[in-house]
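> One line per chain: the protein sequences are A and B, in this order. So for the first sequence, the working numbering puts the first residue at 1; every next one is plus one. So for the second sequence, the working numbering puts the first residue at 418; every next one is plus one.
Quick caveat, the hints were computed from the structure, so don't treat them as lab data. Among the clues, some could well be false.
Within a straight-line C-alpha distance of at most 27 Å, the following computed DSS-like cross-link-like pairs (lysine-lysine) qualify [said to hold, decoys possible]:
#1 A:K192 / B:K714
#2 A:K264 / A:K29
#3 B:K720 / A:K114
#4 A:K198 / B:K712
#5 A:K277 / A:K345
#6 B:K712 / A:K194
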Amino acid sequence: MRNFINNTPEIPIASHHKPDGTAWSLKEKLWLGLSRQDYKDQFLRNPVNWVLIAIFAIGVPLILQRYFAGLGSITHASDDYPWGLFLGFGLFGMVPLSASGFLLGTTVEIFGRKDFIPIERLALLNGLLGYFFAVVYLEVDLGMPWRLYYPMVVSLGPAAVLFLVAWHVATYLSVQIAEVSSAYFEWIGWLKGKRFIKSIAVGLTISGIILSTLHQGALGALFTYAPGKVHPLWFSANFQWVHFFCSAIFAGLSMVIVASTLCKNHLTWRCDERFLKNVDTLTLGLAKGCALAMITYLVIKLVGVAHDNDWAYLLTGWGQYFLLELGVAVVLPMFMFAYGVKNHKVSLVRWAALISVLGIVWNRLNTSMICFNWRIYQEIPHWKEVWVTITVFALYFIVYRFILYRLPILYQWQDNK
Amino acid sequence: MNKAFNRRGFLQGSLAGAAVATVSLAKPTEASTFEGYPDSIGVLVDLSRCIGCRSCEAACNKEQNLPAPALPFNDFSVFDELLHGQKRRPDETRYTVVNRYEIPGREHPLFRKIQCNHCLEPACLTSCFVNAYTKTPEGAVIYNADVCVGCRTCMVACPFYIPAFRYSSAFHPRIMKCIFCYDTRLTKGKPPACVESCPQEAMTFGRRTDLLEIGRQRIRENAGTYVDHIYGEHEAGGTAWMYISPAPFEQAGFDTTVPKEPILNYVKDFLSIVPMVLTIWPALFAGFHLLATRKEKLEQQKKNEGEV
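So that you can see chain A by itself, here it is in the shape it has in the complex (with noise of 0.2 Å):
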């Protein structure tokens, strides 16, 4: 991409005219602006372009298996361990990280830090994905992937945890959609429609915050329905939810630092001089808000384990390795940010977003399938199962820089007045 930005003047496109005056049609803007050979050129020039050909290569007749011959032809089909990695990985990690979108809305919109407005594009983009690829993940592993819309029409059962999460995930999908629709707006030049987003902002994330609230909690109220299998150690009837939402806040900060960052280095051309600007100023002001949670969190998990009275547990096994998870996805990045943002070392503070992003799918997974069902035996995931959930997260990664490349995330839209 960078030889022909350097070859070609008007491209990268960033506004609904080329320098001549003329019009950029949407095929063209939809094509980078690039011929058909040019476009096949770059695409293959990419070597990320050949490992994913790889991954598809395998991963698309596994998941035809799984739709032709059901999921026990590519899991080990457990009854002991329900969920495997498409929840663990799929629905319990992409969430968490995924609450970029409300916490970056909250922070523009409702507590006016209009400074992170360059960056908040990204998070809203951020928090639609992966909650959409949560659901893709979900559509995956459910036995009967066709009736998703039972919880909403056909049969209703209010009690249950998951009915609520059902519920909020689709409306803050829909309430995510039109946040980040004001980018898809202004690219295609619909001004009338943006505007309209624009003056509901402040209720679409207020809608959003509740939403996120309720259902990052509710993903670990799921777990209170296993007292006998999750680990003491990892579950507590009283606090489980909010484990899991104040968790929540440092992995979706971490994520968009992440995501940040790998635009910065490897999409430069598509930043434009605001988002360059201003990233390392707000990767550090995101930081300070990670440093925060954590030490919330790592507060609330002690008081987790006073509460149960789990003490006992810490001298063993179980324990070294709870207090291991705890120091390397916590304590560890916790300090990394602090030290970063007291002595402004960005590039330490990504590291630690990194491991901090790494830390909370571990954490996830060790509820999820490593610490449940500790009394009997330890599942280990068929490689057809890893090599799929990889798949999909590969289609996430596609359509997550398919999107960058083109809609005004990273850059600002020239001429919407």
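Please arrange chain B on chain A, whose structure you already have, making use of the hints.
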């Protein structure tokens, strides 16, 4: 204009919140005073009488039209089967299994029949978001495959590891679980097929309240023979199927760490915060918004006045 819209938005939000709150709380409140259906039926299993003949397994397989097993029902090598170090459990091909347990200090092994215990307040039912499960007044916990989405939360929630999933089918997957022979027998006043098939009368079929009496009597009259506990009287808030055993229950493969209250009790803490968040958050965050943007508003106002 903008302000008016927002206020209305919050009002609508709170109303919707109150509505959802009423709906989501209705069930747990009701459940907290529910002590089970008065004349519900149960089964009392006496471990000291079971000889491990597997007749019940065969009868269940026939009654429920389940697939033929890999080994015939008179093959007793299945008692040595281990998967991940675990003895056999109900799965998509069998609603009930009998396992053998060598008890230290006892001459003969004990046999334990496993099937759905038909809880009074079933975790599978309370965790199901499409209401696929029903606790019938007779005492059976039945399942409706027509509305099931296949999320498998019931399997996570069941403290006894009973519901199994038909993973082998791509187009007709469903939960597979003992339904107390509800449609074919229980509604006609007949005991389930497994109970009827037992040559040892190891299982007693009757009203749950009567069974508790019988169990206590048997424990009392055969002093020292039985452990003084009826498994299922309080486990998971009480179950329709209950057990008495001559050896400590954990030695016969029972999970004695199962909570002595309904699983739903562990979830209520979260359910009760839902209406609070729905109603308090809008006001709280609208307040934050007004506070945070006040200065900006004032400046805007000043500027406008200056222009006029």
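> Hints first: check each against the structure and report whether it holds.
Hint-by-hint comparison with the structure:
1. Distance check on the hinted pair: K192 of chain A and K714 of chain B sit about 24 Å apart at the alpha-carbon level, within 27 Å; holds.
2. Proposed proximity of K264 of chain A and K29 of chain A is supported: the alpha carbons are some 22 Å apart, at most 27 Å.
3. This hinted pair checks out: K720 of chain B and K114 of chain A have alpha carbons roughly 19 Å apart, not beyond 27 Å.
4. A distance of roughly 20 Å separates the Cα atoms of K198 of chain A and K712 of chain B; the hinted pair therefore holds under the 27 Å criterion.
5. Simply put, K277 of chain A and K345 of chain A have alpha-carbon atoms about 16 Å apart, close enough for the 27 Å limit, and the pair holds.
6. Our distance criterion of 27 Å between C-alpha atoms is met by K712 of chain B and K194 of chain A, whose separation comes to about 26 Å.
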